Amino acid sequence: MYMIANLETLSALSELGTMTKAATRLRITQSAVSKRIAALEASTGHRLIERVGRGVRLTPAGVSLLEKTDPFMRALRDALREDRPAGSERLEIGVSESILASWGAEILACVREANPRLALVVNAHRSPVALDHVRSGEYVLALCAGLAEDTPELRSEVIYEEPMVIVPRGLGRLKLENDVQVMTIEPHSATWQCIGRRIRAASRSWPFRIEVTQTLQSFACIAQMAKCGLAHGLVPLGIAQALGIPEKNVLPFPEPGLTRTVSLVGRASAFARPAAEAFHESLIEAAQVTISSRDLD
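Mind the numbering: the sequence shown is residues 1 to 297 in our numbering, read in order.
Just so you know, the hints here were simulated from the structure itself, not pulled from any lab data. Incorrect hints may have been included.
List time: in silico BS3-like cross-link candidates among lysine-lysine, alpha-carbon distance up to 27 Å [stated by the list, open to error]:
| # | residue 1 | residue 2 |
| --- | --- | --- |
| 1 | K175 | K248 |
| 2 | K21 | K35 |
| 3 | K227 | K175 |
| 4 | K35 | K68 |
| 5 | K68 | K21 |
| 6 | K248 | K227 |
If you anchor each label on the Cβ, the simulated ranges turn out as follows [what the hints assert, rightly or not]:
| # | residue 1 | residue 2 | range |
| --- | --- | --- | --- |
| 7 | A39 | R204 | 27 to 37 Å |
| 8 | A201 | S269 | 29 to 39 Å |
| 9 | L76 | P246 | 42 to 52 Å |
| 10 | A272 | V122 | 30 to 40 Å |
| 11 | R173 | G244 | 27 to 37 Å |
| 12 | E67 | A201 | 35 to 45 Å |
| 13 | A32 | G172 | 34 to 44 Å |
| 14 | K68 | D179 | 50 to 60 Å |
Since the model is a prediction, treat every value here as computed from it, not as a measurement. Note that CB positions come from ideal geometry on N, CA and C, so glycine has one too.
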């Protein structure tokens with residue numbers, strides 16, 4: 001088991017490039033990261049990482065080791081899941097933080113109620129990180145924001161097109177005309193990759209233009225700052241509702257509206273597993289009931 005943990009640490013360093021990020025991902029200390037790599041180097045007799053500025057990268061020996069062990073690691077994770085005894089169905093998933101902080105928790109509670117034998121393990125991440133965990137085999141599925149296109153490795157199912165709304169500064173009056181300056185999510189986020197292109201395509205028909213003047217890493221922070229009068233905020237509807245902002249105080253976009261895509265993503269084989277299939281079906285049913293009651297009239 002120690003060797004498996006050490007290999008997972010090497011994989012995290014390869015992907016993330018720093019001890020700090022790897023420690024955060026693995027939920028261990030930086031010292032533990034260093035000790036795991038040292039143990040792996042002692043076992044192989046090779047240096048596996050080297051310093052590059054403030055980060056690290058794998059040496060050729062490190063790259064070779066990961067290439068040789070990656071198929072084994074994936075097969076091991078699959079085998080551990082498949083060999084669980086009947087009645088002990090464990091499903092580990094990743095969920096976008098902004099989804100979990102709004103309507104996601106309620107839907108997951110409905111899913112668990114509908115599947116009492118399912119041991120659901122939920123991890124909160126930004127969407128790209130959740131997808132990385134699915135690719136590595138650590139999570140079976142991920143509920144992500146933004147466009148997740150099918151690849152030979154992953155399959156995605158659209159669960160919801162969540163409306164985006166503008167929360168006016170201090171919940172005051174705001175006319176959607178001319179240039180509307182907003183604070184929103186950072187440009188490298190999965191949601192912005194989705195809505196940014198939709199804004200560019202739809203803005204030709206709008207009587208106003210969205211101008212992003214500031215970005216943050218958290219939609220909840222953006223909505224809270226807008227509520228307190230610091231700026232207009234462009235956020236998902238669910239975040240505004242979770243913060244108790246009245247429907248009358250948020251501004252939807254002109255028809256057909258502006259939405260961000262929410263998808264369930266997993267490796268193609270994962271959707272065929274009984275636990276994942278039950279989760280998928282219950283998620284869709286719960287989403288249809290719960291989300292329809294939340295959408296703007």
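Check: What hint numbers does the structure not satisfy?
Finding: 7, 10, 11 and 13
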